[in-house]
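K.L.:
The chain contents come next:
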Amino acid sequence: MIIRQLTFSNFLIFKGRQTLDLDRGLYVIHGETGFGKTTFLNGISWALLGRFNDRQGARVPDAVLLNQHAKKEQETEVLVEMVVNVDGEESLVRRTYDASTGVAHLYVRKGETTLHQDDAERFLRGVLDREVARFFLFDGEDLRRYEEMLAEGGEPQVREAVEHILGLPALMNAVTDLRAVAQDFRKKATSATRQEGKAEQAVLYSEQTEKGLDAAKEDLAGLEAQHVDQEVRRDQAEEVLGRDKALNQVLIKRDSMRSKVEELEKARDATVDRRQEALKGTWEDVLAGVVAPAQVAIEGDLQAAEHRERDELVIEKLNDSLSTGTCDQCSQPLHGDAADHINKDIEELRSGLPRPSRDLKDLRRIALALMGVKSTGRLNDAVSEDKRLGQLDRDIVEQKQMLSGLTVEAGPGTESAVRKATEQLENALKSLGFIEEKIKDAKEAVATASATLREAQLAVQKLSTSTESATLNARADTAEHLADLYEQAIGIFRDERRDQVGKDASEIFLGLTTSDEATGLRIDKNYGLVTLDSTGTPVPGRSAGQEQIVAFSLIGALNKNATRTAPVVMDTPLGRLDRGHRANVLKYLSDMADQVFLLVHSAEVDDSDLNEIRDQIVAEYEMRKEDEFYTVIERRQIG
Amino acid sequence: MTGTDPLVALEVLERVRSEYYPQVDAKLLRLVFELEHEDQFEDDRGPVCAALRDLITASAEAEAE
Numbered sequence: 001m002i003i004r005q006l007t008f009s010n011f012l013i014f015k016g017r018q019t020l021d022l023d024r025g026l027y028v029i030h031g032e033t034g035f036g037k038t039t040f041l042n043g044i045s046w047a048l049l050g051r052f053n054d055r056q057g058a059r060v061p062d063a064v065l066l067n068q069h070a071k072k073e074q075e076t077e078v079l080v081e082m083v084v085n086v087d088g089e090e091s092l093v094r095r096t097y098d099a100s101t102g103v104a105h106l107y108v109r110k111g112e113t114t115l116h117q118d119d120a121e122r123f124l125r126g127v128l129d130r131e132v133a134r135f136f137l138f139d140g141e142d143l144r145r146y147e148e149m150l151a152e153g154g155e156p157q158v159r160e161a162v163e164h165i166l167g168l169p170a171l172m173n174a175v176t177d178l179r180a181v182a183q184d185f186r187k188k189a190t191s192a193t194r195q196e197g198k199a200e201q202a203v204l205y206s207e208q209t210e211k212g213l214d215a216a217k218e219d220l221a222g223l224e225a226q227h228v229d230q231e232v233r234r235d236q237a238e239e240v241l242g243r244d245k246a247l248n249q250v251l252i253k254r255d256s257m258r259s260k261v262e263e264l265e266k267a268r269d270a271t272v273d274r275r276q277e278a279l280k281g282t283w284e285d286v287l288a289g290v291v292a293p294a295q296v297a298i299e300g301d302l303q304a305a306e307h308r309e310r311d312e313l314v315i316e317k318l319n320d321s322l323s324t325g326t327c328d329q330c331s332q333p334l335h336g337d338a339a340d341h342i343n344k345d346i347e348e349l350r351s352g353l354p355r356p357s358r359d360l361k362d363l364r365r366i367a368l369a370l371m372g373v374k375s376t377g378r379l380n381d382a383v384s385e386d387k388r389l390g391q392l393d394r395d396i397v398e399q400k401q402m403l404s405g406l407t408v409e410a411g412p413g414t415e416s417a418v419r420k421a422t423e424q425l426e427n428a429l430k431s432l433g434f435i436e437e438k439i440k441d442a443k444e445a446v447a448t449a450s451a452t453l454r455e456a457q458l459a460v461q462k463l464s465t466s467t468e469s470a471t472l473n474a475r476a477d478t479a480e481h482l483a484d485l486y487e488q489a490i491g492i493f494r495d496e497r498r499d500q501v502g503k504d505a506s507e508i509f510l511g512l513t514t515s516d517e518a519t520g521l522r523i524d525k526n527y528g529l530v531t532l533d534s535t536g537t538p539v540p541g542r543s544a545g546q547e548q549i550v551a552f553s554l555i556g557a558l559n560k561n562a563t564r565t566a567p568v569v570m571d572t573p574l575g576r577l578d579r580g581h582r583a584n585v586l587k588y589l590s591d592m593a594d595q596v597f598l599l600v601h602s603a604e605v606d607d608s609d610l611n612e613i614r615d616q617i618v619a620e621y622e623m624r625k626e627d628e629f630y631t632v633i634e635r636r637q638i639g
Numbered sequence: 001m002t003g004t005d006p007l008v009a010l011e012v013l014e015r016v017r018s019e020y021y022p023q024v025d026a027k028l029l030r031l032v033f034e035l036e037h038e039d040q041f042e043d044d045r046g047p048v049c050a051a052l053r054d055l056i057t058a059s060a061e062a063e064a065e
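As given, the protein sequences belong to chains A and B, one line each in that order.
Residues 1 to 639, numbered by the working numbering, are exactly what the first sequence covers, in order.
Residues 1 to 65, numbered by the working numbering, are exactly what the second sequence covers, in order.
Hint data in this document are derived by calculation from the structure and do not stem from the laboratory.
No false leads were mixed into what you were given.
Heads up, simulated SDA-like pairs for lysine to any residue below, C-alpha to C-alpha not over 20 Å straight-line:
#1 B/K27 with A/A170
#2 A/K71 with A/P61
#3 B/K27 with A/A474
#4 A/K440 with A/E231
#5 A/K503 with B/T4
#6 B/K27 with A/E487
#7 A/K260 with A/E398
#8 A/K188 with B/S59
#9 A/K187 with B/G46
#10 A/K400 with A/R254
#11 A/K188 with B/G46
#12 A/K188 with B/P47
Derived, one-sided and incomplete: chain B residues facing chain A with beta-carbon distance under 10 Å:
#13 D25
#14 S59
#15 A64
Every residue gets a Cβ at the ideal spot worked out from N, C-alpha and C, and that includes glycine.
Just chain A, same shape as in the assembly (with noise of 0.2 Å):
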């Protein structure tokens, strides 16, 4: 396919009708960041798929297509128009959305033939389906994202993908469809038997049979719908979620918000819980500080009150020795002057003898009591409870303020239209699952159906003599051989398309690397692609340029063995290639498809970058901004 005329109108940033007059072979159009390259790449995406989704991978709504600009001078038509000229043969493609009704539209000419809308969407599923597009539309991001798929050991999503665009569907729907003709032709040689009059139990025991088959096909055609049932209410779920994106970032926002203040508030409850537990010591604390100088003056007290007990201890003793005439200590009489000595010492001692303010008794109780008197550190915890407190109240009213601001700013009529499609979406995606599980054990029970009923039939066969039966089985068989040789030759087939991409990928990548050691590329079964060096041994680890210059290999590959050709539409690729490599991709572009679209900005790719490639360039394009909803596509006068 290529395309010879493309026409953006009110589709994004490309503010009234635009169109570009196109040929084969290479373009360059250049733009600065959000000038508008990715939305050129979407709205070709848009126009023949019906859909594109954004850098994150979600499907964009056909809602937000409309140009701002247009939107506020009322008019309501988004489009984007493609002549394209398919095997030969030119076709109009027009897909447009009408913003005011909501409804979106393909009309397709095909010819002079206008395509009824199911044939239209089945006339650009041939020419590029979705499976398909990922290798000829795609942006430096979607590179990367090969690079990674690429990496030894592939994927088997890319096999999948890369057996589509090599033509293995057209094969595997025949063993399909041969073997429901084989099947239809047995039932209808039974049927002959039947009327014949022979073999009775056998015929009733196929006829049987064929019911069992047919139920269990009709389980299988159940889950089946029920799966696209889902498909639907999935696809729907995202559009409303994909629609109020920025809605339900202010939802998610503001969910973590309320749990944020949720868990404030739990914090809080537990500091005032901590505050109160500590306030119940704190008189503790109190009562110590006031307490402490008594505690010392007791303390000072009762010293003196035991000095003083031992000293009038001392004075009766000494006195009992004067009373006695002897000495308390050796009970010898007292002799000369000892009496004069003892009576001075009675008078010393009397006249030290402290003075307490109480008995020491009381001055005992006293001091006990005070000694239960002690500092907790109760009053200092209570004091920084009290601060977090403070902090964490005043945290809850900010937290709370912003919160009411995003409660504002999400409405409440939209909020649940946006949990409802939330609900919708997850539930749609467990039913997936759960239905793809049914949907295996179905597939199992029809093969066993099948063969069960293979088997009656071989039996009716056998004993059935007419000719009618005959032709019918024979009928069968031939649509059975068919079958057969399909499924064997889909194995070959299959082997040798790989080969063959893998041959093509390295002789592209010797072709693209600057890398004076690696030899080549090999492929294995899901596509993946390791390089090689002088020896044939496998290189581990590969740098960035390198890796991206095995995905455009593989691209270029892909392009040349694809049974259904497309434009190539690259937007940003060249980013992280170094000069040698980029000079390199940049002379090898135009032998990557017939058509190639390269859209880049300054940085990627300069002047001189593109001197190199003049002469295989058709006509260079640039994205002038005029203001932030508006970009002119203009074409570049070289030289």
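Using the hints provided, position chain B relative to the given structure of chain A.
P.N.:
For chain B alone, coordinates are given in the frame of chain A:
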């Protein structure tokens, strides 16, 4: 010019036929392939199967004559 002729698959089919299924008519094989290639994006396989039945019947009748 990029792309590969879809008939490359028919070459493989023919090889398999001549080697393993010589009893299958080469012309019938080609007609089946053309039909399947043409209708590979058709969701409703009923009409495709009906066309296949007709092809097989016509081929058998032609052989009988």
